[in-house]
Every structure is written in structure tokens, then in C-alpha cells.
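Chains as they are written, first to last, in the numbering used here: chain A, 1 to 272; chain B, 1 to 318.
Note that these hints are calculated values from the structure, not bench results. Since this is a predicted model, take the numbers as computed values, not measurements. Quick reminder that beta carbons are idealized off the backbone N, C-alpha and C, glycines included. Do not take every clue at face value.
[Said to hold, decoys possible] Here are the computed lysine-lysine pairs in the PhoX-like style, where the Cα-Cα straight-line distance is at most 25 Å: (1) Lys128(A) to Lys37(A); (2) Lys89(B) to Lys276(B); (3) Lys171(B) to Lys89(B); (4) Lys171(B) to Lys128(A); (5) Lys220(A) to Lys276(B).
[Unchecked claim] The calculated label-pair distances, taken between Cβ atoms and stated as ranges, are: (6) Arg177(A) to Arg121(B): 42 to 50 Å; (7) Gln158(B) to Asn228(A): 21 to 29 Å; (8) Arg80(B) to Gln215(A): 22 to 30 Å; (9) Tyr25(A) to Arg200(B): 44 to 52 Å; (10) Gly68(B) to Leu14(A): 53 to 61 Å; (11) Ala209(B) to Leu252(A): 37 to 45 Å; (12) Tyr218(B) to Tyr25(A): 46 to 54 Å; (13) Arg259(A) to Val47(B): 16 to 24 Å.
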Amino acid sequence: MRRRPNYLAGVGSLIWLFLIGLPLYVMLVATVQPQSKYSQNGPVSFPRSFTLENYTGAFNSGFGQYFLNTLIVTVCVIGLVLLLVPPLAYAIVRSRSRVTSQIFRLFLLGLAIPAQAVIVPMFYLISKAGLYDNLLGVILPTAAFCLPMSALILSGAMRDISPELFEAMAMDGASPRRMFFQLVVPLSGGGLSTIVVFSALQAWNGFLFPLVLTQSESTKLITLGLYNFQTEHGINIPGLLAAVVLSMVPVLLVYLFARRALVQGLMGVGGK
Amino acid sequence: MTTQMTSTPPAAGNGKTARRRPDGSYVAQVGRPGFAWALPATFFFAVFAIAPLIMVAVLSFMSWNGLGSPQWVGTDNWSRVLDDPVMIKSIWLTLLVTVLGVAIQTPLSILLGVWAAGQQRNRAVLSVIYFIPLLLSSTAVSVLWRALLDPNFGIPAQATWLFGDGNLFGKQASAIGVLAFVATWQFTPFHTLIYQGAARAIPSVLYQAAEIDGAGRYRKFFHITLPQLRNSIVTSMILMIVGGLTTFETVLILTQGGPGTDTTISAYYMYQKAFKSFDFGAAAAIALALVVAATIISLIVVRVSGYDKMRGTMEGLS
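For reference, chain A alone in the conformation it holds in the complex:
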């Protein structure tokens, strides 16, 4: 089959590359310049002097603590998702109970609930539970809002396990529990890594729950740190952008190693 290159699409994609790439380039260049030089030369210029003081400055204004807090929240959210979602997805895929299909509908409905819709009662609930300004008060709702998408992704992955394998194990008289641990969990590695990366991203980038449910410096997360930095030192743009870059580093590292898991999983969301 004869193939002509599609120049129009090629040019379009290059324009988009420029739109995505330019801000990222400007950001990186800005962070390695002293603040005074940045103000003089403007954002789109070649850096003539190099410094790392913006990064050390950001770190000294509390970002170390915010990093640690965000890490704790992220790890706990991943833990909760890994504890709750695999049995749920297993039931969704393998159970014949009517209750299970109602439960699945509930989670799909949950996909459409935005965090803003529940933030007022969430504030009430978390305050009443004595978890206001406590990292646990951020972890619980964040994990809950990761469940619908994770259930959808993981049940999709578990459906790909061949039914013959279940039948073979049933012949051997295996219990659902044994099938879960010896068949389902080992064979859904791809789906599991997707939900880990997805929940990690949600937890790391979460903003509204920490904004409303925490208050003090000791429970501040990285996104809130950025927001406060912006409202307080908005004029120090290189310092601010250095903080943005710092907040991205772990995410980019994870992306480097788990790109396939994330992309494949998210692609399936629209395709299936």
C-alpha cells in the first residue's frame, strides 16, 4: 500500500510539541538563574548565569517537611487502595451475585462525583471524627476517591484472565480464596501497577482535600506549599518555579519507570 506522509498532521503535532515544550523549557531555565537576572532578561531568554540557590531556597522554606508529609499520604493511599480494590475487582469479575453488580454500578456512579461536591460534608465529617488537621483526615477521603477508577482499571485487567484457568482450579477444588491469591493476584500484575501509579498520582497531586482539611505547617502537603509560596512570594518567580520543579521530580521518576503501566491502563478507560 502506498503511503504519503501526512504533512499537515506532522506540522500540527510539532506546533503542539512547541506549546507543551516551551513552558517546560522556560520553567527549567528560569530556576537556574538568579532572581534579578530573570526579572531583567524576561522568561524567554538564554540563561547567562547559573545558580542553584532557587532550589536550596525552596527547600529551606519548608519543602522538606511538605515532601515528607506528601510521601506519607501517598504511601498510605496506595496501601489502602491495594488492600481494598483487588478483592473488590475479583468479586466484580467472578461473582455471580446480584449484589455485586449493584455494587459495581455504585462505583461507576462514583466516577462522576467530583471532590468539590462533597467537600462541605467532608469537612463536617472529618471535624466530627477529630481528624481535622491530621494527615489521616486527608488520606481517607483521597483513597476513597481513588476507588472507582481503580476498580474499573483492575476489573478490566482481571477480565483478561482466561476462564479455563479458573475452571482448572475449580476442578482441583480450589476455594475462591486460593484462586484469588494463587491465580488472580499473580496474573493481574499489570493492572495492579496501573492502579498503584494512578493512586500515587492522585495522592501526590491532591489539592482540595488538604486545602480544606488541614491547617498547620506540620501537616502541609506539597501542593499547598506551592499555593502558599505563590500567594506569599509571588514576585520571586524563579524560586516559585524551582518549587514547582521539585514537586514534579518524584512524579517524573515514577513515570520514567512505570510509563507503560500508566499509559496502557488509562488508554483502556476510553477504549473499552
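Given chain A's structure and the hints, the job is docking chain B onto it.
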């Protein structure tokens, strides 16, 4: 709403497997997990997502300042909110931002997604870069663009021939333009990914048949690719609508609702009502209105597109 769109396909698949073997027979039940396996997650989700959703409906009929106990006030919050000119304005702004988002992002992400679904190596590399905005938090994206568009030190201040006085945040039209642009920058990669996955799944026999019939590139795009992407278009549009109606961080960081109340969209107004004026009853009413609006609009999209009838995209393929 999203139920129909994302849900129905897997649910339908489930029904098929269930029908293959006789239900209720002993053999079919061996080694099948009971619903109890789903209960821990369901309980957790009910407490932290479903219960608050019900509570927001109840709270919208109560007065609460965040400290004491909520008091029943009937429809007082609703009549106050609906009489509030800022609220009415915020509804129009929310709709405007949402429509702009869908109108800009849908064609863009379909084109980029279909392009990226091709096989060449450079596309794979570019896709990796296109994906980056998706990894950044809304906070980081908003802070980044706030800095880049800064009236004094940003790009517009450098390119006054293009941006006039360089203060994009000072006028309503340009401030809304900034919000639409930043949303496009941030979310187009995600929708591109949806279309990329869907475009890869289109059977190549369709294109081969069309080529034998002498169809050109554009005919193939409009007569094969677009119809085959129908389900993904609905999925992606609903996600855009829900996302647009609940835009928040971008407004909080980029414009603070200003100039004046010119970019005060409903979700931001709700946040102000709750956590700045401590009028939690009014905030709950706005939140509930947002959920209802998102549900209705999504149902309309599903109905109009015929998605609920689940017409397969496999027609004409054995």
C-alpha cells in the same frame, strides 16, 4: 451518567459470560467468590463518598457556620443562592468555561490522538512528551502559567505587540481565555490518550477495504475513524464536562475569581461561601446544584449520542 458511558460495556460483557453457562447450577458456582469480597471497599466508599453526597443534599436545607450544630432552615439557602446576582453570573461563567473547554479540546485531542496512534517511532517519542502535563498537579500547572503570564515579568510583558498592555488577568475576556488555554494545555494530553487507545483498536481491515474502493485520507478519517471513535468521544466529552463544571484550582490560583467577580465560576464561589464566609448551607446548595447539572448534562450527551443504546462499533465486521 458516567455510569452509562464507562460502565455499560464491562457490565454487558459480564452478562454475556453469565449467560454462557446455566446460572445457579452447582458447577457454575464452584470457586466463585461471594459478594462479601466486595464489602470492605464498598463500606469504605460509602462512608467517604456516598454518605457525604447524601449529606450535601441534607445540608443544603440547613444553616451551619462550621462551628455549632446545623439548624434546619428549609429552602432558605436555595432562595438566597438563586437570588444572588453573583451566583447567576457564576452559572453562566461555568457554562462558558465548560463549553469552551469541550469545543477546543475535542477536535484537538481527536486529531492528536489519531495521529499518535500511528506506528512511527517519532510519534512514540512525542507521545512521551505530550503526556507530561498530565503528570503535573493542577496546582503546579496553575502556578507555572501564573508565573509565565505574570503582568510584569511574564511572556505577555515581553510581547506587548501581541498582548497589548500585557495584563491578561485584568480583563474578563482575556482572563477567561487564560483559563480555557490552561485547561486545554493540561487536559488535552489525557483525552489524546483516550483517542490514541481507541484509534489503535480500529480494525485495519476497514481501512484496507476503503483503500481498495479508492478512498482518500480525509474520506477514511470522516467515514471510518470518526464513527469508530463514537464511544470514546462520548466518554471523553462527559469527562470534559464534569471537569469543566468543577474547575477550581485553576481559578483559585490564576485569577482568584477576578477581575471583580468576572471569573468567579460556581465551584470557586462555593468554596468562598463555605470557607471564606462560613455560609456552609449556601455552599452545600451550590455543590448539589453542580452535581445535578453535571448529571443532567451527561445524561443528555448520552441520550443524544445514542450511547445508551450501545450501538456497537463493530457493524459490518462479521
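Checklist entry - What hint numbers does the structure not satisfy? => result Violated hints (numbers, rising): 1, 4, 9, 12, 13; every other hint is consistent with the structure.
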